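S.K.: With chain A fixed as given, assemble chain B onto it according to the hints.
Number of protein chains: 2
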Amino acid sequence: MNIREAMARYLPLIEEALQAALQTSHKTLAAHHGMMHYHLGWVDQRFQSKPAGGGKRLRPLLCLLACEAAGGDVQVALPAAAAIEILHNFSLVHDDIEDDSPTRRGRPAVWALWGVPQAINVGDALFALAHRTLGQLSEQDVPADRVLGATRAFHDTCVALTEGQYLDMSFEARLDVTVDEYMEMIRGKTAALMGLSTQLGALLAGAPAGRIGHFHRFGRMLGIAFQIEDDILGIWGDEALTGKSAASDILERKKTLPVVYALQSAVGERLRAIYQKRELTPEDTPSVLVLLEEVHARGYAKRLAEEALHQALEALAATGLGEAALAPLGELAALLQGRRR
Amino acid sequence: MNIREAMARYLPLIEEALQAALQTSHKTLAAHHGMMHYHLGWVDQRFQSKPAGGGKRLRPLLCLLACEAAGGDVQVALPAAAAIEILHNFSLVHDDIEDDSPTRRGRPAVWALWGVPQAINVGDALFALAHRTLGQLSEQDVPADRVLGATRAFHDTCVALTEGQYLDMSFEARLDVTVDEYMEMIRGKTAALMGLSTQLGALLAGAPAGRIGHFHRFGRMLGIAFQIEDDILGIWGDEALTGKSAASDILERKKTLPVVYALQSAVGERLRAIYQKRELTPEDTPSVLVLLEEVHARGYAKRLAEEALHQALEALAATGLGEAALAPLGELAALLQGRRR
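In order, the protein sequence lines correspond to chains A and B.
In terms of my numbering, the first sequence opens at residue 1 and continues consecutively.
In terms of my numbering, the second sequence opens at residue 1001 and continues consecutively.
Extracted from the complex, chain A is given alone in its bound form:
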């Protein structure tokens, strides 16, 4: 099975599990669920069925592919895959409020349509439903110790997500963030959830502990590569493809890897002088880009992303499974790294 075949087979399963998890029969709660369905890309802002880009379902796909690669039954991992995607979407709904981002996947963000109070609650509802969805594991024929292990890892990831988010926000006001601090932040913010995806897939397949560890590391390192690529796109990405305005990360003073690196380099002082201004305007971005160029910040970030991808693929190979079993995951990693180029 190649990655295209795997996606054709698994994406509909994932979508079905997500819809089952987010359904309600209570008429009074129709709009509450409608806002969630909007965010997931199933309906428009009047809650009329109208498919829109609701995300790539990357994490649940990683979960099911890891489960299959490790020789498990993907049906068993499906509640975990759905729970992970719902958890991811909870974090996006709250991130958009926290970052004051009015759009998500080319449409208005939940808060921009229904206000911050309802959007906070929509995120909370997704958070609550993610846990309840994971709880379905114990209603299947899964050994109790695997359910327990999956639940514990899920809880730890939820905590890590909020820690990563805290660091990300606290960095905005700082100009002395180190690369080590940056790595700590993205470990919580991005790598933890992608690591959880492959970890739970392998765990629920009944893989031995060592092999679960390799799958976990594969997901985490892939997450780090993914985040650094995202950082690069946030500065040099094509507006038409990324769906957000070019260099928006500069205007928001985001401490992404190229900036963190440049702030610690020979141009640090000049870059700080710009970032210390009370207000950053689009007119400031060319001078920032020139400084980043001077120290080859893009190339530096690119190298770190490639190194992380390399480590991810090493971890995948270390699972000791056959090439055929691992092929879809390897292809997915390659697709991700090549996205939007």
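Hints are computed from structural coordinates only; laboratory data are not their basis.
Hints are supplied without guarantee of correctness; some may be wrong.
Chain A regions said to be covered by chain B (calculated; three or more residues, Cβ under 8 Å) [as the list claims (entries may be wrong)]: (1) 17–31; (2) 117–123; (3) 140–152; (4) 280–286.
Taking lysine-lysine and the BS3-like style, the derived pairs with C-alpha atoms no more than 30 Å apart in a straight line are [what the hints assert, rightly or not]: (5) K1050/B x K1027/B; (6) K1027/B x K27/A; (7) K277/A x K1027/B; (8) K1254/B x K1277/B; (9) K254/A x K277/A; (10) K27/A x K50/A; (11) K1302/B x K1277/B; (12) K277/A x K56/A; (13) K254/A x K1254/B; (14) K56/A x K302/A; (15) K254/A x K302/A; (16) K1050/B x K27/A.
Here the structure is a predicted model, which is why all the values come from computation and not from measurement.
We put the CB at the ideal spot given by N, CA and C, even for glycine.
M.R.: Chain B only, in chain A's frame:
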């Protein structure tokens, strides 16, 4: 044991469990946890140890008292008690943002000190930590089916909380809310969590299903009585005792029981005329109070609260346990109903 003795014994245990659940050893996360500790009433806004009113710990107390009344070991129920209190505090941190309430327990709310983005994330962190704390049940010597039952009830309550909160917010813009809709809202918003407290206490004590059901109902009906009393205080409460300005619920157009009742009564049209105004000012409150008085809305709400309390005590008696075992819970219910009079 009377309620004073029970509080003297259990409140320190609860505080200790809460502190263990919300600790961190990571220096970079000190402020992240500091904000949580501030909300819990342990530190001031500079994160210096300074006990302040952090809440009555009513819900964990109900949980431990129900466990003890049902013949269980309170140590076993302690993770559930702590998880419930953390969950409650998650909802308060987000409620304060959603309601635009700048104070909580006589001090600035988290969002008023550290901004909305960090406050959203502090609430999320408490939500995540509540689940992780409940997860400690499976590390104790508790039969697996009890852990599973407790976890499922916890998940359902989290979902119910967000549903109640949705209804509460959606009611603000409406003038046709019925008493039935109001009851549905407070079942989610208040009764679900207090019901969970007594339910889990009895469940973890190993009580038979029927008895757990009576404990559950006791908590739920007590929650309904508690919420209606709160509604009365939100309109006629003494500012010095409630910590929020008198009649603040009127200015915020809160659809609390006295208002919902009056909107459906003979003064409904006149009341709607006031509530339809674009802006409500303190000058409007006397006319609202006169209309509420005309249909005896306060007495109506008071009767419903007393009826709910009566049903709570009937459910408590229906557990079939001895008077001595139930005394602390009965006394706690009486204390609650008499609070701030």
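S.K.: If a hint holds in the structure, say so; if it doesn't, say that too.
M.R.: Tested hints:
Beta-carbon proximity to chain B at under 8 Å applies to 4 residues in the stretch 17–31 of chain A; the threshold of 3 is reached and the given coverage holds. For a cut-off of 8 Å, the count of residues in the stretch 117–123 of chain A with a CB near a CB of chain B stands at 5, and the three-residue condition holds. Only when three residues or more bring their CB closer than 8 Å to a CB of chain B does the claim for the stretch 140–152 of chain A stand; here the count is 4, and the claim holds. Under a criterion of three residues with beta carbons nearer than 8 Å to beta carbons of chain B, the stated coverage of the stretch 280–286 of chain A fails, only 0 such residues being counted.
A hinted pair counts as satisfied when its Cα atoms are at most 30 Å apart, and K1050/B with K1027/B qualifies at roughly 20 Å. The straight-line distance between the Cα atoms of K1027/B and K27/A is roughly 47 Å, outside the 30 Å bound, and the hint therefore fails. Simply put, K277/A and K1027/B have alpha-carbon atoms about 29 Å apart, close enough for the 30 Å limit, and the pair holds. A C-alpha spacing of about 14 Å is found between K1254/B and K1277/B, which places the hinted pair at or below 30 Å, so the restraint holds.
Annotation: proposed proximity of K254/A to K277/A holds, straight-line Cα distance about 14 Å (limit 30 Å). A C-alpha spacing of about 20 Å is found between K27/A and K50/A, which places the hinted pair at or below 30 Å, so the restraint holds. Of the pairs offered as hints, the one joining K1302/B and K1277/B holds, with about 28 Å between alpha carbons and a cut-off of 30 Å not exceeded. Under the criterion of a C-alpha separation no larger than 30 Å, the hint pairing K277/A with K56/A is inconsistent with the structure, at around 37 Å.
At most 30 Å may separate the alpha-carbon atoms for a hinted pair to count; K254/A and K1254/B exceed this at roughly 39 Å. Of the pairs offered as hints, the one joining K56/A and K302/A holds, with about 23 Å between alpha carbons and a cut-off of 30 Å not exceeded. Only pairs whose Cα atoms come within 30 Å are accepted, and K254/A paired with K302/A is accepted, the gap being roughly 18 Å. Restraint check for K1050/B and K27/A: not satisfied, since their Cα atoms lie roughly 47 Å apart, outside the 30 Å limit.
In this structure, the earlier hints numbered 4, 6, 12, 13 and 16 are contradicted, and the remaining ones agree with it.
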